[in-house]
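Each protein sequence line maps, in turn, to chains W and B.
For the first sequence, counting from 1, position 36 maps to 36 in my numbering; every step adds exactly one.
For the second sequence, counting from 1, position 34 maps to 34 in my numbering; every step adds exactly one.
Keep in mind that the hints were calculated from the coordinates and are not lab data.
It is possible that some hints are incorrect.
Said to hold, decoys possible - Cross-link-like lysine-lysine pairs, in silico, DSSO-like; alpha carbons within 30 Å at most: (1) K30(B) / K8(W); (2) K30(B) / K19(B); (3) K68(B) / K58(B); (4) K37(W) / K66(B); (5) K30(B) / K54(B); (6) K19(B) / K8(W); (7) K8(W) / K95(B); (8) K19(B) / K54(B); (9) K85(B) / K68(B); (10) K85(B) / K67(B); (11) K58(B) / K37(W); (12) K68(B) / K37(W); (13) K85(B) / K8(W); (14) K95(B) / K30(B); (15) K85(B) / K37(W); (16) K58(B) / K85(B); (17) K66(B) / K54(B); (18) K37(W) / K67(B); (19) K95(B) / K58(B); (20) K30(B) / K2(B); (21) K54(B) / K37(W).
Owing to the predicted nature of the structure, the values given are computational and were not obtained by experimental measurement.
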Amino acid sequence: MSGPNEDKNTQLSSHFFGDLLDSIIVDVASECHRIAKLGLDRNLEEEEEEMRLSVQARARVADPSNSSETNTKYVVDIFGQTHPSIATEIFECMNCGRSIAAGRFAPHLEKCMGKGRKARLK
Amino acid sequence: MKHSVNRPPTPDAAEDQGKEPTLQEIINIKLIESGEKERLMELLRERLIDCGWKDEMKALCRAHVKKKGRTNVTVDDLVHLITPKGRASVPDSVKAELLQRIRTFLMSAAL
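This is chain W alone, in the form it adopts within the complex (with noise of 0.2 Å):
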């Protein structure tokens, strides 16, 4: 069934559907700059955050006057926080109750449980 009634009927529903995507679109645009301007984006700043710390971790790495050993002791890591090189959280030695440094723990370990008697179990 074709006529000018139906290519009008045609012509006017197409004006209205773009009518009603073109109020859409500007309620998401309107949406979008709301949650921009609201910082409401977490993972937006986050990923600002991020970007700027590997920039400055590929620096340090790139950068000729660090040497070796500096790096490992002061690199930074994912979250960008730094280690020293001897992990220096203390708790207690459950077999003999001393205050060992977490990094010197192994060794003293090794003496501690080993007391007693000098040639070790196999």
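Take the given structure of chain W and dock chain B to it, following the hints.
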């Protein structure tokens, strides 16, 4: 005689408003008054969310915001950004469904 006597008569205010509303305007009013426009908009919105169209548009906006920085972006920027892609990427089935609903309304509101 003063020239002012010969000037054209002041247009009648009422007559001015008597400009015939276009068919489009009439139908628009009918759409709004019947609540159908609102229903159509909600339908379209729902369909566009379901098919991922809204997510696509939001992704475009986020990328733009990331590039330009949060403080520099205006609503206008975003509208201009997503309009061409937005218009082009509506799925055919969604478009067809809405067009059909609108056409049905037009026929039922036949003047």
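| When the hints from earlier in the document are held up against this structure, which numbers fail? | 8, 20
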